[in-house]
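The primary structure of each chain is shown beneath.
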Amino acid sequence: MIEIREVYKSFDGNEVLRGVNLSIRKGEVVALIGGSGEGKSVLLKHIAGLMRPDRGRVVVDGKDLEGLKGRALIELRSRLGFLFQGGALFDSLTVFENVAFPLKEKTRLSDDVIRERVLKELENVGLSGAEYKYPSQISGGMVKRAALARALVSEPEIMLFDEPTTGLDPVIGLSILQLIDTLHRRLSFTGVIVTHEIPRVFDIVDRVAMLRSGVVFAEGLPEDFVDSHDPVVREFMEGTTCTTIKGRVGKAAGA
Amino acid sequence: MKFIRKLGAWTLLYTDRMGVMGVFLGKAFFYAVIPPLKMLRVLKQIRFIGFQSMVVILLTGCFSGMVLGFQGFYSLSRFGSDAFLGPMVGLALIKELGPVITALMVTGRAGSAITAEIGIMRISEQIDALELMGLNPYRYLVVPNLVAAVISLPLLSAVFDVVGIYGGYLTGGKLLGVGAGVYFGEMANYVEMADVLEGLYKSLSFGIIIAWVCCYKGFYTSIFTGFGAEGVSKATTQAVVMSSVLVLIWDYFMTSLLFG
Chain P
1 MIEIREVYKS FDGNEVLRGV NLSIRKGEVV ALIGGSGEGK SVLLKHIAGL MRPDRGRVVV
61 DGKDLEGLKG RALIELRSRL GFLFQGGALF DSLTVFENVA FPLKEKTRLS DDVIRERVLK
121 ELENVGLSGA EYKYPSQISG GMVKRAALAR ALVSEPEIML FDEPTTGLDP VIGLSILQLI
181 DTLHRRLSFT GVIVTHEIPR VFDIVDRVAM LRSGVVFAEG LPEDFVDSHD PVVREFMEGT
241 TCTTIKGRVG KAAGA
Chain C
1001 MKFIRKLGAW TLLYTDRMGV MGVFLGKAFF YAVIPPLKML RVLKQIRFIG FQSMVVILLT
1061 GCFSGMVLGF QGFYSLSRFG SDAFLGPMVG LALIKELGPV ITALMVTGRA GSAITAEIGI
1121 MRISEQIDAL ELMGLNPYRY LVVPNLVAAV ISLPLLSAVF DVVGIYGGYL TGGKLLGVGA
1181 GVYFGEMANY VEMADVLEGL YKSLSFGIII AWVCCYKGFY TSIFTGFGAE GVSKATTQAV
1241 VMSSVLVLIW DYFMTSLLFG
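Residue numbers (my numbering), protein chains in the order written: chain P, 1 to 255; chain C, 1001 to 1260.
Looking at chain C on its own, in the form it has when it is part of the complex (with noise of 0.2 Å):
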């Protein structure tokens, strides 16, 4: 009985806190389309979000590329089809690999600052102040993350496919031995606008969680992860987790239900 009990206080929770972060995006939404817009916000948010995350996406798109180019290259040569390496690092990079590694590196460097951030400001009575002065939140700290997110996210993930499908060259091509024409020219025959669309649809759509998860996380930190330090530090590992854990099964139903 008194297991029952608690399932059901746990349930309406989790329902009660779903429905509030429902309406948060729902009106992060309204007011992203409904003017005015905070375009110096935006900006300086894409600079944050999208500028400032170049290096990490250069680094990391050029290891996973190489480490493709090697494992590629001796799990196809077993079959004899190495010439395909060109396509295969393609298709896993621009379909999967540089949506999903770009949303997982940019929520720990951005996400984390952004619930951090709005997080403070919710503690120290920030946020009370703006509402006072008669001015919306959502438009000040909401919406421009949303906006940033959604417009760095794909270019993030195209710099990080570039670099990855050079870095799968310098691996495969240059110290395995494919040709440059057949990893480029094979790539070209075999990867289709609908790829690079199914990857660009992907990194939006994880641009929309990461800013999602992270601005709710900070905007609520007082009410649902505690008052203080603690509270902040709660709400910034749980937006963490919670973005990269959605970004993972956001990635799953995408391409099984749109894409298979």
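Next up, chain P with everything else stripped away, as it sits in the complex (with noise of 0.2 Å):
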């Protein structure tokens, strides 16, 4: 479903991807993880075709991103989903003209569909009641959740996610997670989460792949980068992990 071929990006000089090589098959979910400014995002939006790569093929479903323009390029993003770091809701429209945007302005659906659509959608996110409150009235947990429902309301068949835990308290991280998974159950489509959320994320998703210094450094099945004897994938799991750790830690001195 989406290939990812020897990928080079720099900014100002400054090499971000160097060679990158991925391959998500149609209906999997891949946790993208990595330390801070390692690319992670980038690669993202490269996927989404906001960025284009100085070298190197992004492929979504057999076409190449960087011949793709006008409709063609249009018609690829339909059938794709984005959730945004900070949610990235039309903050002058309320919840529910955000989530109805893409049907109103996409589909010639009529207006009561589309209301029954959006409360749907605003339901399974837990967002009923929220409905006619504007972006900045609403916690940032409910952004997300919003976002969430604007991204999925098309029915995409594939879905990126950036770094959709993070700035969330950990109740309210681990039900977006979940959300995600119960969502992905339900429509089945590709996903690429960009996250920290470690060892969290590992239960919803099917791969994980690793950045660092700019290539994939490991790649392979969750339990993989749990039981991983490679120092850098361990430093990293157990720098991630370090709260859970301590806490079995302080659990055993209190035993």
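Read the hints as simulated data drawn from the structure, not as lab findings.
There's no promise every hint is true.
What the hints assert, rightly or not - Within a straight-line C-alpha distance of at most 30 Å, the following computed DSS-like cross-link-like pairs (lysine-lysine) qualify:
#1 C/1174 - P/63
#2 P/104 - P/63
#3 C/1027 - P/106
#4 C/1038 - P/104
Take each chain as given, in its own frame, and dock them per the hints.
Below you can see the structure in the form of structure tokens.
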């Protein structure tokens, strides 16, 4: 479904991606992990066609994004959903209007059908009752949920999530991950999740890819990462799961 | 050697940016003439750029006319020509001051807000979200402002002219004694349709300049002026300065080349 071949990208001489290779099969959900500034979000924007590689190819469903322009690009994008880190809701529109926006602008559905679909989608993400609030009037978790509803209302085949839990407390973060999992079971989209939510994200993904120094440093099943003996992967895993480890140590000490 | 290298780099950078700006305007025109036009957004922007600028235009128009009335009367009476106050005020307002001051006022009031709004949409990834929905950001953000400015500027300029002419009569006529018949009669004798058209063409082109520069500066906020609130603030300042300067430069060329 998604093929990334030898992708290079630099900004002002700073090379962020240095030959990334990654394949994502149809219906699969892949977690893209790695330290801050390793280029995870940049790679995600390449898959969405928001950025073009300096070298290399990004092929989505057999179509090379490099040569894709105009109507063909619009067509591909209409099969794609993107959850932005900050939600990217239109702040002059209510939650309802935000979710209805892609349907109103891109389809010829009647107002009644749109209303029904939007309310259903908002119910799915647990936002019933917040339809007529503006993005500035709701919490960060609700913004993410509303953005998720907007991304999913067009029933995309590919969903890209850019740090869906960043800035949220652990309970709401977990609820967002569970929501993604539930929606994936319902819609069977192909997904890429850029996240630091380790190891919790491992419960909802099929595979994990770790970016380091501009390349995919490690790739495999979630279990492979948990059991990895590679010192770099271990360091990253232990660094991100230190809270859990401390918790265990604390419990053991208490016992 | 270092100076030449710097000059070369500067030239390349600004040539590139001018190219980007030119392409931006080209795309805006293209999407403005190729349907669909987002009529609701156009009407909303006409309300914002046009209707909501009325108070500012009424005030500036009135006081500009009143000042012209005073200054004109005292200058003309030195030569015993105070009967020509009406034509002087009329021509100055219709040909020059009306379009230019209206453009500067709209730049300050609406242009800056347009840049800030589009700039915030850029840094908060709302423009990326539009693109990812398969929607064209030019149609939603640029074209409505361009069409609205082209419609609003001539109308506002006309309001400015009318209010200014009455302002001039208020000081020159009511306070300093030029008769209404002389003031308006001489104005009717000397102001021609060509003068009104000159003002109209100018305000039309100023509308394009304001919408072009202000939308462009907002659209490329994170690329040319940096990220975050500082980037938006820089973009807004640059948009107001650049629009104002371009309006005055373009005014000179229009006056000298087309109407000289």
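Checked hints:
For the hint linking residue 1174 of chain C to residue 63 of chain P, the alpha-carbon distance of about 75 Å lies beyond 30 Å, and the restraint is violated. Taking the CA atoms of residue 104 of chain P and residue 63 of chain P, the gap is near 27 Å; set against the 30 Å cutoff, the hint holds. Annotation: proposed proximity of residue 1027 of chain C to residue 106 of chain P holds, straight-line Cα distance about 21 Å (limit 30 Å). For the proposed pair residue 1038 of chain C and residue 104 of chain P, the alpha carbon gap of about 13 Å is at most 30 Å, so the pair holds.
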